[in-house]
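Asks: Chain by chain, the residues:
There are 4 protein chains.
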Amino acid sequence: MTAVKDSVHDYISLDPVAADLVDTPEFQRLRHIKQLSTVRLVYPSANHTRFEHSLGVYHLASRALSHLGIDGDRAAHVRAAALLHDIGHGPYGHQTEDLIRRRTGRDHDEIDDLLGNSVAGEVLESHGLDPARVADLVDGNAGLGQLVSGELDADRMDYLVRDAHHTGVPYGTIDHGRLIRELRYREGNLVLAEGNVQTAESLLLARALMNAIVYRHHVSRIAGAMLERASERLVEDGLPIEEFARMADHDLLVALRERVPELGERIERRNLYKRAVWAPLEVVPADVVELTHAETRAAEREIADIADVAPKSVLVDVPPRPGIKESRSRVVVNGVVQRLEETSELVGALRSTERTQWRLGVYAPDDVRDEVAAAAADVFDLSPHGIDRWTVL
Amino acid sequence: MTAVKDSVHDYISLDPVAADLVDTPEFQRLRHIKQLSTVRLVYPSANHTRFEHSLGVYHLASRALSHLGIDGDRAAHVRAAALLHDIGHGPYGHQTEDLIRRRTGRDHDEIDDLLGNSVAGEVLESHGLDPARVADLVDGNAGLGQLVSGELDADRMDYLVRDAHHTGVPYGTIDHGRLIRELRYREGNLVLAEGNVQTAESLLLARALMNAIVYRHHVSRIAGAMLERASERLVEDGLPIEEFARMADHDLLVALRERVPELGERIERRNLYKRAVWAPLEVVPADVVELTHAETRAAEREIADIADVAPKSVLVDVPPRPGIKESRSRVVVNGVVQRLEETSELVGALRSTERTQWRLGVYAPDDVRDEVAAAAADVFDLSPHGIDRWTVL
Amino acid sequence: MTAVKDSVHDYISLDPVAADLVDTPEFQRLRHIKQLSTVRLVYPSANHTRFEHSLGVYHLASRALSHLGIDGDRAAHVRAAALLHDIGHGPYGHQTEDLIRRRTGRDHDEIDDLLGNSVAGEVLESHGLDPARVADLVDGNAGLGQLVSGELDADRMDYLVRDAHHTGVPYGTIDHGRLIRELRYREGNLVLAEGNVQTAESLLLARALMNAIVYRHHVSRIAGAMLERASERLVEDGLPIEEFARMADHDLLVALRERVPELGERIERRNLYKRAVWAPLEVVPADVVELTHAETRAAEREIADIADVAPKSVLVDVPPRPGIKESRSRVVVNGVVQRLEETSELVGALRSTERTQWRLGVYAPDDVRDEVAAAAADVFDLSPHGIDRWTVL
Amino acid sequence: MTAVKDSVHDYISLDPVAADLVDTPEFQRLRHIKQLSTVRLVYPSANHTRFEHSLGVYHLASRALSHLGIDGDRAAHVRAAALLHDIGHGPYGHQTEDLIRRRTGRDHDEIDDLLGNSVAGEVLESHGLDPARVADLVDGNAGLGQLVSGELDADRMDYLVRDAHHTGVPYGTIDHGRLIRELRYREGNLVLAEGNVQTAESLLLARALMNAIVYRHHVSRIAGAMLERASERLVEDGLPIEEFARMADHDLLVALRERVPELGERIERRNLYKRAVWAPLEVVPADVVELTHAETRAAEREIADIADVAPKSVLVDVPPRPGIKESRSRVVVNGVVQRLEETSELVGALRSTERTQWRLGVYAPDDVRDEVAAAAADVFDLSPHGIDRWTVL
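Chain order of the listed sequences is A, F, C and X.
Just so you know, the first sequence maps onto residues 1 to 393 in the UniProt record's numbering.
Just so you know, the second sequence maps onto residues 1 to 393 in the UniProt record's numbering.
Just so you know, the third sequence maps onto residues 1 to 393 in the UniProt record's numbering.
Just so you know, the fourth sequence maps onto residues 1 to 393 in the UniProt record's numbering.
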């Protein structure tokens, strides 16, 4: 068996299908897509890629399947899905997901297309595997697909530990050995065995702390918003969305610097916008929280207009309402399968915490920050008595 | 400067006072007291001692003092207190604390006596330090003593990380670098700077997970109850409590085997009692939860009587009502110092979780477990409809 | 499958034989024997035991067997031997080996006796395994016994990594994943596959650095010599050697303090003798290097006599001539199985290095060090021009 | 003080000069230059960059200076040099060094130019530091410059540990805590204090093992040779060398794909040439070992001609004769400063080992490998009886 040395899981053995899939251009491209996109601008050691992450997910899924006693054809499809689950990502991963969806009108089914028309698809077929079935497992969140994408999936187990290893922030270091040992497959669902409410909670807590300290760090959010907007301009400027979607990070970085220099150069050199507004949920009117993409753009223009600055100097960043996927993981309590949220008081508390941490961001170059802050407060009707809670001193 | 190599903090530099204190018999005794007493019967790598833990607390307290810009005489006393904070412990640490207190009638002031009449006390004086002031800092929970014993103390920061390193359970691995960097000293209290609600919560969460998975593991609780009872018999059998209190683990282990063999040999060979009852709070009458030590012993005799087994075959283990010390740590929120429990929704949830995890334990040799379970249900009037929730199958 | 959490290898799964063996008194006793005996007096975190080490050796041997495709009865015997390989050790492991051998006249065959008359032996038989065959594998250094005790054995792989983890000295951290993947079993011998001269060398280098920095640290050697001498007096004083051999560390520590207090109390409180002489090979006459045990004792008396100090105040410590077992490990080079020493120039250099590091030690209480140094130089005829090379300033 | 979280050293505190230097375009560019260039094609987690490495070198140099008691202006210049030591690197670091030197005719003095004409230079001056003095310290290998570039420099200490962390190969994990504690500054040279021959050797051994297992892995060498040749063609094709030298990795990767696709696409997709020849020193005529760059190119054309393949299908890779810089590190032995090679037998052995590992490589696309191997054997007059030692089966 071929093996790859990994800094997180040590040697990862590849079955023959995986060994061939790794050599395809679709998979090799993942070498050039960072796992944490703009987080590296805050945590400079976080340069790990979707390539090694995908190997890690494959590794943990393989171990889980072997622990569950599942093998043969079924297991082979799940392992392939685990390995390939990220090949549909655009450059800079989640950061360009929305843009690609809006422009292509596709929702998630990219992986189907990709496996239907790619070297990876051919490799699957040459080993007697069905690309469509693999694609379903990636999309699915059903049956064994839950091991690839579900509340207790190998994706989450790998990225939490890997992101901790590379950022240096320890909170993602979950006990995946235990999670896998305690997995059961009951009536078509992955569940944790009796006595594992804490095991399930540990996953939730690790995510919550990594969200707060790493994934949603304001510097990463600012850079992310700049990258998104710059990408949008690139596409508006004529770059076909299909071509855009198949870029890797380095392609996008070069394209942005050359074709959208006002943002591209800043991203490359970490010369970032600053927070003009950073407002918690209680001072933001409900309609602002629900702004559509088009309305956000319109608001930016309005703010720029009032502040009398160039339109491209204002970025409005409205995150989605918070939710916690892991809260629906299944665990056996007193012999009955329950959703974690039904049995753990922590779930509710973490939901509140997520709400507490939600922030509306408005970003601008340092020298026009004050004007933009004032204009945004005006446009968004931010509660004036909360003024000291949302401006950044 | 002398330095000691530590597996957790790498090199720990010792100032001249510390270097001399380390050589005293009082401190060297800590080499023979395990940090986690009976937890090693569950996690066999957890053999670390109060000796290295005390060096770790000294190290983190020194770094915190230097970060806070506190030096001179004040800092010297705090560093000494950090180093010596555990020298008052009896054998097997917390496991024998209650027994020693009941028998000596002392509450915590042992450290005073110890520093007043010991080589360590002489060493302090020879360096111009005041043993009484050091003792106050250990006891204190006030002013800079909070660094030794408080909600944000170096003790907690060290043991969480160290216990994680040695058990292999990752959840204690907090970010002490960040905790120390964000410490401030305001109006006589240690607080965390603005923007650190999560930092404070991370300490709480680490403790909660380590409690559930490590510190209160049922096997460790059974062995702990056996050890406590055996120690009690040893003292009842004539061993002076002062002599008992100055034993180290190896002394106690030998003494128990020789003088209380029915329990001592079992502890040494990990031939433990089993759970006859393991009942959550909701099936246990309120008066049982509040049993005094004497009432617990009486209940054991009554259960043994009904079950018709030898009195020493029944151990009743009623843990205290749960509480979360870290919930009162101070953190600056919007410019105002707040208690964590006032600002974090997690605190309430963790309190509920602690309640959910509380268990009344009744332990007995494997061969009389059923009889003891039935008798205990009778004596304690355990809710019959909850029968399947408290017997262990 | 039962599993144990280990701080080095994470979860270790136990087969049914191993699970039963772990519960025997012979194996539980290993909880009370430290892996590195007196090294903990230098590296205070090094409190790990032969219990967890034995589990680790079992784990690595199991993985190697599975990698080599060896299963069934043969593998079962090797796994049992790996788990039990240390149960014959006396208290403080290697430190009391010589004493036990001299007194019992036995050489290595202890494990036979032990497995013939023990609960562990019964457990083996109850699972259809042959205790004598297991004992042979522990002693053997032949065939698959090489996995338990050989140049490329699981014992070495585990202890290097484990000692590094617990001392904090990184040099033992070898790549056991690679060592195991590259193992082959050819004509009754374990060999490393083509292209692995460096893999073999890495084992050698790790041992050499750990020898110099950890295993032979002078403070550990002094404490070891004190312990050995104290044990000798204990046995001379009437403790039956069979009883001595079955003690664990805590028993010995208590017995020494009570019955050989002049050394026992010092060991317990780390109040150690100091180096009076620390002489390299080139200043020590050849006959001194070859002193027998009886001659060493006679020399101590002579030195004490000349120095006019109590006889028990002089300890002479003559280590064996250095050798490097790993140098004979087998590796395939250009298709031919070779001994590492035939193909690696490092082996010769490391042999020289070991010679360079060899030291004759004479130890004494601090206050009589000078007198003892002078007398020892006289008795041993230490080269006078080398005077500044062997006294410790 | 500003601090950056690092996965290797945890928090790195930045003094005000460093904080400003980090924000310059010259330093930010290092985010886009991988530390190990093509090694990531073998060890996929090795994606760390010169940015975080430079922070690490700054950190270790700061600690060493503080340990040596050196501060003020002198220390400030050394710290700045440690931080900036890599800003002169071209894309893909060492891989393009030769090309840049040949084309610009410069040798090392790039850093002078850079600091003379850059934002980083201005920042230095604004803080009262002298850019020329900083440049000298980077180049120097003299005085305190030895801390930046010398046998015991912070550069080496950081990269060994960091490369181990990111590749997963443990052998680079040296004990930098000890190295720094044992540093002394004597008569203008960095030396290790008495008793540290092993400490010095450990550095040597770590490098030797990392060389064999990581840095000179054949897959990395093949990709490196492809990258070098492709870069050469890019420059021959008209890209000004000054522009080339200021590229970052992503720029080069895009440029190669677009302008030298026959190699660029292969590098990006890890579709690499294979070894046609891999010959040890003893089968390679001495004049081949000494081939100049121009002669190497001529040999490639000759081989291609004989093999009847396209000229670009042959890559000849002649590494320099091996040497070991660390062998000249200084260490105090018996009170006298000595070079390590004068006192350690390991140095000679490692030199031999390096010679043993030297390989002449000739690489070609898989489908013409045999023809190229035969032609190369002919052109280079490779010893025919060694045939089975240099072809790769």
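Some hints could be false.
[Claimed, not checked] Each computed SDA-like pair below joins lysine to any residue, with the alpha-carbon atoms no more than 25 Å apart:
1) Lys274(F) / Thr2(C)
2) Lys312(F) / Glu265(F)
3) Lys274(F) / Ala3(C)
4) Lys274(F) / Val332(A)
5) Lys312(C) / Val337(C)
6) Lys312(C) / Gly335(C)
7) Lys274(X) / Lys274(A)
8) Lys312(C) / Arg351(C)
9) Lys312(A) / Gly93(A)
10) Lys274(X) / Glu194(C)
11) Lys274(X) / Gln28(A)
12) Lys274(A) / Pro16(X)
13) Lys274(X) / Pro311(X)
14) Lys312(F) / Arg351(F)
If you are wondering where the hints come from, they were derived from the structure by calculation, not from laboratory data.
Asks: Please list, smallest to largest, the hint numbers that this structure does not respect.
Replies: Result: hints 5, 6, 7, 8, 14 break, sorted rising.
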